[in-house]
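Keeping their order, the protein sequence lines are chains R, W, D and P. Residue 1 is where the first sequence starts when you use this note's numbering, and the numbers rise one by one after that. Residue 1 is where the second sequence starts when you use this note's numbering, and the numbers rise one by one after that. Residue 1 is where the third sequence starts when you use this note's numbering, and the numbers rise one by one after that. Residue 1 is where the fourth sequence starts when you use this note's numbering, and the numbers rise one by one after that.
Treat the hints with care, as some may be off.
As a list, the in silico PhoX-like pairs of lysine-lysine whose alpha-carbon atoms are at most 25 Å apart [what the hints assert, rightly or not]: (1) 263/D - 176/R; (2) 86/W - 287/W; (3) 61/P - 95/R; (4) 125/P - 70/P; (5) 125/W - 86/W; (6) 63/P - 263/D; (7) 180/D - 368/D; (8) 56/P - 95/R; (9) 25/R - 6/W; (10) 9/W - 25/R; (11) 25/R - 70/P; (12) 287/W - 9/W.
According to the in silico footprint, chain D covers these stretches of chain W (three or more CB under 8 Å from chain D) [unchecked claim]: (13) 136-146; (14) 152-161.
No wet-lab data here; the hints were simulated from the structure. Just so you know, even glycine gets a beta-carbon here, dropped at the ideal spot from N, CA and C.
Here is what each chain is made of, one letter per residue.
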Amino acid sequence: MEFTEFLWMTFGVFVTLCILSFLYKDNPFYKLAEHVVVGVSAGYFVIILWHNGLVPKLFSRLADGDWYYGFLNSSHVEYLIPAILGCIMWTRFSKDYAWLSRWPMAMYIGISAGLAIPLEMSNRVNKQLHAMMAEIDWANFVGHDGFNLLDVTSGLSQTIVMIGALAAIVYFFFSKEHKGAFGAIATLGIWVLMIGFGASFGFTVMARISLFTNRLQDTFRWGNVAFNTGNANYHAGFIVVFWGLILFVAGYAVYEIVTNLKRRSSTT
Amino acid sequence: MQTFEKLMKLDRRWVYLLLIIVCVWSYIADFTVPILVEPEVRSIHSFIDSLPEGDIVMIAIDYDPNNLAELHPMTYAMVEHCWRNKVKTIFTSLSQNGPGMCDQALRDLTDSMALDREYNGVEYKGREIVNGIDYCFLGYKPYFAIVILGMGQDFRLPFPTDYYGTPLDSIPMMKGVINYGQCACVIDISGGNITDAWISYGQGRFGFPLALGLTGVMTAQYYPYLGSGQVFGIMGGLLGAAQYEELADNPGRAKDGMRVQLFAHMVIILFIVMGNVGYFASRRRLKQEGRA
Amino acid sequence: MKHKLMIGVLFVLFGMSSLWAQTEPVEADSAVVDSTELYPAPVSHLRATDKPNDHGHAIVVEWETSADDGGGKNNVVLYQVFRSMSFDGPFDSVGTAPAGEGRFEDIGSKDRSSSSFIPDDTDLFYQIDAVTADPAIRTPSDILDPVQSSGQWFNTGRVPVLVAVLIFGLLTGIFVTSAKRGRELYVRPIGGIEAVDDAIGRATEMGRPILYVLGLGTAADVATIASFTILSRVAKRVAEYQTELIVPTYDPIVMSVAQEVVKSSYFDAGRPEDYKEECVFFVTQSQFAYVAAVNGIMLREFPATNVYMGKFYAESLLLAETGSLAGSIQISGTDEIAQIPFFIVACDYTLIGEELYAASAYLGREPKLLGSLKAQDWAKAAVVVLAIVGLVAANFGWLEFPTLFRVID
Amino acid sequence: MRRQIPFALVFIFGIFMVFQYFVPHETSEWAYEFLLDWIIVIGIFALALGIWSLFKVSVEKIKLGKEGAKYSYLTLVGLYLMVAFGFTQQTGGSLGFGYFVWIVLCSACIVALMRLRAVSDSGAKRMWGMVSLVTLVAAVLVAIFDDAWAFFLYTPEGLQNSMFRTFFDYVMMPILATMFSLLAFYIASAAYRAFRARNVLASLLLIAALLVMSRFNPFIPGAEYVAKASNWLMNVPNLAAQRAIVIGIGLGIVATALKVILGIERGYMGKG
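Sequences and hints are given; from them, build the entire structure.
Rendered as C-alpha cells:
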C-alpha cells in the first residue's frame, strides 16, 4: 500500500470517528464532516446526473443535428421541449417572471399524478385483493405435521392473515365512529398492526447492528495496515500517522471532558 | 425508589457507550457462543453426516459478491463438512459472478483441509484435496433453467468440460456419474431467483433431495416448500450459517458475526427490561403516594 | 442505451452459441447404431399468434410437446425456435424453451436498428426443433403458415384496473358534490393531525422554529404531493402565528414547489412581507448527507416541532431520534411501510400509511375534501366485502369470481 | 389567468397519463417514454436552482454569523471540487502542479465570492470583488496553458478521474456509511426510550419486538419456541398488517392523485 493511499484511508477513519462523535454531542468534528459531505455529495450527484441523465437523455439526442438559421436538423427535435421547459424553471432566478416556472412544475405533477392512479390501483389494490381470494389449506388446517399453532403455512395461519388484514382495513375507516361491533373490529385491527410493527422493528435490529460491525471491520483493517511490518510496501510513516490520529482524538476527548467538568463545577 | 426512576430516565449516551463497548469487545474477543439450532438446518447437517464415504453431493454456488457476507459462511462450513467426511462434491455456478465466489472458496478450503483438525470430538487428519478426485467444479453457463434441465439428462450436455477446461470424461470422480441420479442431494446456495428454477425444473422434474441456503430476507417466502416436502432443509442468512457452523463444530465468520449480534441484542433487551422495571416501580410509587 | 441493448443481445446470442458450441457429440461406444432411432418425434399442433395486449413486435408460438418429451424415448431436452421472413429461409434461432413447455414468446425489439427487431404487419414464418442431449440429433417441425404482429389500442388484461379507477372516480365525484351541497360528514379524530395545531402554538410560545421535512421523495411521488398540501396548511398557520419555518429539501423540484407553497400560504394568511425564500432550501441529493445536515439543524436551531411527512427510508429513525434528543415534539407520517414502526417508536404522533393522505383533508376541513374521504371509505368497504366474497368463492370452487380481479400485465 | 393555467396543465397531462396506461400501442408507449424524459430533464435543470439555494443559504449563514457558519465554506468548496473532478481528466503526463494550482485558485475564487456577498460595507465588497476577479482570471489562464489535463463535458471521462474516485471512496463513502451505521445505536436508544408497557398497544408492540429480538438467543428458556413464534409473527400478523396498509395506501394515493388532477385539492400550488 502506498503512503498516500494510507493517508486517504486514515482520513476515512478520521471522518468515521467524526461522525461517531455525534453520539456524544454536536461538536466541531461532526460539523466538519457534515459540511464536507453535504458539499461533496451534492457535487457528486451533479456529475452523476449530468453524465448519466442529461447527456444521454438530452444532449446525445439533439447532437445528431445542426442548427440552420434557428432550425434544428435533428431526428429528435421534440427533445427541445423538455429543454425549453427546463430553462423556464430558471425563471425562478428572477422575481418578475418566477410565475412562469409554475408551468413546468404543473406538468411535472400532472404527469406523476396521472401515472400513479392506474399503477397504484393495479399494484396495491387489485393485486392485493386478488391475493386475498386464495384457497385455504383445509387439509392441513392446524399444521402440516399434527397440531402446530406456529406453523406458518397452515390453514389456520392463512385464516388469521385474512382476518387480521380485514380488521386492519376496518381500522382505517375515517368517516365512521369506532363504536360497538365496528369499534371492536377496528381495535383488533390496530392490535394486528402493532404486533406487525413490533415484529418488523425487532427483525431490523440485526441488519442495523451489522452496519456498525462493517464500520468496525474497516477501521480494524486500517489498524492492521499500520502495524503490518510484513507488508512489502510498509512505510514507517504508517505508524506515525496511526499514533498521530489516536493521540489527536484522545487529546480532544480529554479536553472535552475537562471543560465539561469545569463548566459543571462552575454552575453548581 | 429513586434508583428506579433513574433506570427509566437514563441518559441515552449510556446506552450508546455500553453498546459500543459490547460490540467492540465481542468483535475482538475470541470465544464462541452457543447457537440455537433449528430443525430445518439440523436436517441438512444430519443428511450430509449420514452419507457414506465416496457419495457425491452437488452444491450450486448461485450468489454474487453482494451476498457474500451472508452466504459464503454456509459454503465454507458445508463443503468442509463434506470433505472431512470424505464425501465428494460437484460445484456449479449459475449466477454470473458465481464462479469467482466458488473459486475463492475452493482455494481457501483446500488450504484449511491440509491441516489436522478436531470437529465434534473426532480427529480429522489433514489431507490434500485434489481437484478431480474430491471435487469437480463445472463452472458457469447462462440460462439457468435450461442448464438445470440439461444436467438432469447428462452433466456433459451443458458442461462438456469443467471450469478449468478438463473434459468431464477424463475426470476420475465423474466416471459413471451421469446426472443427478448419482448425487445424494443438491444444495442450492443462492441470493436470487435461481432457487425457483432449482425447485420447479430441478426438484420438480428429477425428484432429487434439495436443500436451500438463502439470504435472510428471502427465507420467509421459501418456508412453504419446506412444508410441502419439496426441500428438506433451509438455511436462512447469517443465522442459518451460524447454525450449520455450530452443528459441524466448525466456528467461522458466521459465528463471529452472531457473537456480536447476540450480545448487542442482549444489551438492547436489557435496556428495554430496565426501562420497564423502572416504569412499573415508579408507577406503583405514584399510586401509593396518591393513596396516602 | 441503444448500445447497451445491442451488447446485451449480442451477449445473449454469444452465450447461447457457446452453450451449444462446446457440446461435442457424445461418441457412442457401439459403433453402428441406426441413427434414425435416436431422433425424437417432432412437435405437433404448432400455432403462432400475435401477442395480445402489447405494442406489437412480438409473436406467441405454441405447440404440443414431442411424443419423446416425458414419454417414449424421453430424450428431448429443449425446443429451439426459428424465425424467418420468408418461407424459404434463412431461419434464425430466436430462443429456446425447456423440455415440457409448449409455449414461447418471441419478443422482438421495436427499435429498427436492433438486431432483434421484428417488423409489424409483415409475414413471419416459424419452425420448432425438438433437440436432444446431442444437439446434432434434432427433429424440425413443419414450417408454420405466416403470421403478423401488430400493436393493440387497448390492454384487455387491465380491464379490472380501469373498472376500479372509474368506479372510484365516480364515488369521489358523488361524495364531493354531495359534500359541496352542504351535507354534514363525520370524520373520526386522528391524534397526529390534531397535534399539528397545538404544536405550532407551542413553537410560538417558546419562540422556536418549526422544522418541516418533506422526505426523500421527488415531486413525482404522490406521498410528496400529499405532503405539499399538508405543508400549505402548516405554513398558513405558521404565518398567522408569526413563527419561523425551516424546510430543508432533498430534491430541487421539491424545493421549488415547496417555495411556491409556502409563499402562497403566507400570501393567503395576509402576511406576504414575512415570507423569506431562504426558509425553503436545498441540501443535497444524497440520503445520508441530507440526514447529517438535518440532524445538525436540529441540534443547532432546536426547533420546537418537527414534522416529517412524505417518503422516508432508513433515515427515518436517524431523524426522529435526533429530534427527540433535541426535545422537539415530533409528528410523522409516511407510506413507506418498513419505516412506520420506527416513526411510531420515536415520534410523539404518527400517521400510519393512508392517514397521511387523509391529513390534508382533515387540516383543511373543506367539505369537498372531506367528501373524498368518504369515497375512500366506500372503496375500502368494497374491498372488504369483495375479499370475503372472493374467499368464500375460492373455497367453494367458484374460481371464475377471483379471476375477475386478476390483472394481467 | 396566471393561476388557472397550471391547473389546466395538471388536468391535461394527468388525464392523458391515466388513459395512456390502458393503451399498449407503440404511439402511446412513445408518448409515455417521452413524458418521463421530460420529468428527468426538468429535474436536472432544476438542480441549478438547488445549487444556487445552497450558495445563498451558506452566504446567509455567514452574514448572520450563525453557529458553525465558517464551515459553510467547506460545503461550497467540496461541491466545487467534486464537480471540477467530474468534468476533467488527465490527457498526458500526470495531473501535476498546474492542476493543483487551478483547483486552489478556483476554490479561493469561490470563497472570495461568498465573502463578497456576505460583507456589507463597500470597502470590503470592493476588495473581495477584486480577489475573486484576480483568482478567476488566473484560474482561466492556468486552465488554458496547462495541457496535462482537459475538460470533458459530453463524455464521462471525468468519472474515471482518480481524484473523483478518491473523494468518493475515502471522503463520501466513509461518512455516509458511518452515518447509516449510527442506526445501530439509535435503534437501541429508541427501543429503550419508547418500549414501555404503558397501555395495550404499547405492550403489544413491546412484546412482539422482544420476542423477535430474542429469536436466536440460546440463554432464554424455551428458546426453540421463541424462534418458531418470532417466525410466525413475521409471517402472519406482519403480513396481515402489511396487506391492510398497502391497500389503504393504494386508495389514498389514487384519491390524492385524483383530487390533484381534478383540481379539488390545490394546496400543492399554494391555494389551500
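Open item on the list: To test your reading of the hints: which numbers does this structure violate?
Closed with: Of the numbered hints given earlier, those the structure breaks are 1, 2, listed in rising order.
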